[in-house]
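Keeping their order, the protein sequence lines are chains A and B.
The numbering of the first sequence is my numbering, which starts it at 1 and goes up by one.
The numbering of the second sequence is my numbering, which starts it at 211 and goes up by one.
Among the clues, some could well be false.
To be verified - Straight-line distance between alpha carbons at most 20 Å, and here's what the computed SDA-like set of lysine to any residue pairs gives:
#, chain 1, residue 1, chain 2, residue 2
1, A, K65, A, N14
2, A, K204, B, P377
3, A, K204, B, S296
4, B, K274, B, I256
5, B, K378, A, Q20
6, A, K202, B, S296
7, A, K120, A, N14
8, A, K65, B, K274
9, A, K87, B, P377
10, B, K378, A, L192
Hints listed in this document are in silico derivations from the structure and should not be mistaken for laboratory results.
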Amino acid sequence: MNFGKQFKEGLITNNPVLVQVLGMCSTMAITTSFFNGLGMGLSVLVILTASNIVISAMRKVVPDKIRIAMFIVVIAGFVTCVDLLLKAFVPALSESLGVFIPLIVVNCIILGRAEAFSYKNGVLASAVDGICQGIGYTVVLIIMCVIRELLGAGTFGGGLLNNGDGIRLIPEQFPIGMLTFPVGGFLVLGCLIAAMQWALSKSKNKEESK
Amino acid sequence: MQEIYTLLSITLGAILSNNFIFSQFLGICPFLGVSKKVDTASGMGIAVTFVMGLASAITWLVNKFILVPLDLSYMQTVAFILVIASLVQFIEMFLQKAMPSLYTALGIYLPLITTNCAVLGVALLNIQNNYNFIESVVYGVTGGLGFLLAIVLFASIRERLVFADYPKAFEGFPIALVTAGLMALAFMGFSGLKVW
């Protein structure tokens with residue numbers, strides 16, 4: 001297994017959000033402030049890695065027919081752990097993410113990686129895959145948050161820096177408030193995926209012309 | 211009378227002003243995945259409506275009569291997802307036996323409903339909002355209807371997108387997302403809607 005290649009796949013060429021287009025709900029719903037994006041990204045990273053490890057360790061014991069049910073139970077168990085931990089140690093985050101923490105259970109990234117990768121590969125490779133895909137997801141969330149927060153509210157690092165208000169970069173009367181509403185989620189993600197497709201097709205063309 | 215007003219405001223909220231897709235971002239995956247044609251979209255919408263109604267009834271009962279008395283509320287997520295998964299499996303077997311035509315029409319989309327976050331979302335929101343049994347069922351069904359409305363509208367726009375002229379990089383998902391964004395903007399117009 002080539003870990004460098006896995007890392008590049010998770011971050012760029014096979015990014016869970018921008019290329020595989022999985023886990024859209026949380027990507028658009030919670031990316032309104034920097035703190036939310038970071039918290040959600042890290043939660044998914046932890047759950048994805050843990051469930052990848054367990055699923056790949058159990059892959060030879062579990063019959064093919066009930067594997068999806070098994071995946072869901074494993075994932076739901078880890079999600080419950082993370083949910084309780086967040087409630088205990090970071091109540092502010094748990095409150096602002098709300099129902100989207102338990103909904104990580106049905107986040108297609110985790111189920112998708114279980115089915116496509118960890119059910120077929122060894123424990124170590126699956127753990128690395130979980131970390132790489134999780135980082136890919138977190139990076140996209142943070143980019144979305146920064147764009148939406150900067151253009152929509154004019155601040156940076158909301159919920160975390162400057163007593164939770166964020167650092168104001170654009171005076172209050174200028175930002176496009178629409179971007180912090182659901183509309184902004186759809187538009188910003190659409191543009192990000194378009195940019196990704198453009199960049200990937202450009203690098204592909206370059207390789208072909210060589 | 212008060213009860214009827216509450217139900218009415220839940221209904222209007224779930225279908226229009228607080229639409230599951232456009233303002234709560236629940237159920238985006240099937241919304242983007244199964245909206246290339248109007249007829250499959252409406253099939254998916256109807257199936258989701260049905261499952262959401264049934265799931266909110268059953269999860270409410272499970273929560274009230276099993277989880278709360280046994281002090282197991284922290285197991286909510288696990289219990290609900292198991293209920294939903296087995297419910298979907300059951301509906302699949304039932305349809306296969308009783309209504310084979312509908313079963314073949316829905317095809318692969320039926321098992322996919324398990325991982326539709328709108329279904330688990332509605333079950334969790336019912337508990338969070340402290341709805342009683344009737345309110346939960348109404349919220350589930352009308353939430354499903356809102357999903358149906360959104361996905362059918364979106365699919366009919368997407369069918370026409372084939373003829374549209376847009377930059378090549380936007381092909382596929384990006385243009386669909388931008389379209390959905392504009393629809394969300396239109397649905398924001400309903401947010402002023404209030405029932406007493």
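20 Å limit on alpha-carbon distance, applied to hinted pair A/K87 and B/P377
Violated, at about 45 Å.
Given pair status - A/L192, B/K378, alpha carbons within 20 Å
14 Å, holds
Given the proposed pairing of A/K65 with A/N14, does the C-alpha separation stay at or below 20 Å?
28 Å, violated
Taking 20 Å as the top limit, are the C-alpha atoms of A/K202 and B/S296 close enough?
Roughly 46 Å between the alpha carbons, so the hint for A/K202 and B/S296 is violated.
Hint consistency between A/K204 and B/S296 [alpha-carbon to alpha-carbon, up to 20 Å]
Violated, because 44 Å separates the two Cα atoms, which is more than 20 Å.
Quickly compare the C-alpha distance for A/K120 and A/N14 to 20 Å and report which way the hint goes.
At roughly 18 Å apart (the allowed maximum being 20 Å), A/N14 and A/K120 satisfy the hint.
Given the hinted pair A/K65 and B/K274, is their alpha-carbon gap at most 20 Å?
32 Å, violated
Straight-line alpha-carbon gap B/K378 to A/Q20, limit 20 Å:
Since the Cα atoms of B/K378 and A/Q20 sit roughly 18 Å apart, the hinted pair holds (cutoff 20 Å).
Hint check: B/K274 vs B/I256, CA-CA at most 20 Å. Holds or violated?
27 Å, violated
Between A/K204 and B/P377, is the straight-line Cα distance small enough, at 20 Å or below?
18 Å, holds
Checked against the numbered hints above, the structure breaks hints 1, 3, 4, 6, 8 and 9 and satisfies the rest.
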